[in-house]
Amino acid sequence: MANTSNPPPDAIPEAFKARFRARLADRANAFETALTALLQTQTSDKPQGTADAAELVFELQRLAHSLKGAARQFGFDALADEAQALETLTREAGTQPSLRNTGGFMPATQALIEHCRTLSVS
Amino acid sequence: MTEALTRIFCVEDDPDIRELLDMSLKDLGGFEVEMAADAEQALRRAPAFKPQIVLLDVMLPNMSGPEALPLLRKALEDPAARIIFLTAKASRSARDEFLSIGADEVFFKPFDAMGLGDQLLEFWARSTNG
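Just so you know, the protein sequences line up as chains A and B, in that order. Under our numbering, the first residue of the first sequence carries the number 1, and numbering increases by one thereafter. Under our numbering, the first residue of the second sequence carries the number 1, and numbering increases by one thereafter.
Any given hint might turn out to be false.
[Unchecked claim] Ranges between beta-carbon positions, derived for each pair:
#, chain 1, residue 1, chain 2, residue 2, range
1, B, Gln41, A, Ala22, 17 to 27 angstroms
2, A, Thr43, B, Asp118, 50 to 60 angstroms
3, A, Asn29, B, Asp38, 11 to 21 angstroms
4, A, Ala18, B, Pro61, 21 to 31 angstroms
5, B, Pro70, A, Glu92, 24 to 34 angstroms
6, B, Met63, A, Ser122, 51 to 61 angstroms
[What the hints assert, rightly or not] Listed next, the in silico PhoX-like pairs over lysine-lysine satisfying Cα-Cα at most 25 angstroms (straight line):
#, chain 1, residue 1, chain 2, residue 2
7, B, Lys50, B, Lys74
8, B, Lys74, A, Lys17
9, B, Lys50, A, Lys17
10, B, Lys50, B, Lys26
Hint data in this document are derived by calculation from the structure and do not stem from the laboratory. Beta carbons are placed, not taken as given, at the ideal position from N, Cα and C, and that holds for glycine.
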């Protein structure tokens, strides 16, 4: 299999890690925007499981997947693990509409948002 | 004689990963590199660049890598062009899945930013020499 071994994070120049950290605030905002829109679909008249909600859950999954890959790339393994957990939760919610309301991904998303914001200013 | 690998086109939505790819392939590897942030941009811009290798992220906004792959092949009009998926979905089954839908190779994130150029040169030599 091609390149399965993880590169040492030390091999990544510090300037790239610093930019990754700074941009975590943008990632937090993107998560928050998607989560807020998803919560709005659940308080609207639209029935659960509508395409809007499904698309927003998928957007959260995509954001989590992207963060997982980048965080792992730049050596932020705890953040990558958290993003991976959210990716799994949102994938499950994407296939089971009933989980979109009660699934654990909402608090997990909020925790990830906080983690990103903390790292971006630390 | 095999044409030397010089042109690489990357399709990656994550700005941090794009910057790292740019450093790895352009600054360290010495390749000509173009970037696109999504599949639509890639379909518009890649044909004119005539890439020898396309590094294609899997989970892209609007159109996924697997959806874009056949469109890119058609748009490039170059049977020698190689398309490699670059994905954080690291598993043997994922690799098999992506090869089965037409990828020439699968590279996984996190990738070795210092050695990616060499890995691509090795792949290019292997794939163009049969």
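Which numbered hints are broken by the structure, listed smallest first?
Numbers 6, 8, 9 - these are the hints that the structure violates, sorted from lowest upward.
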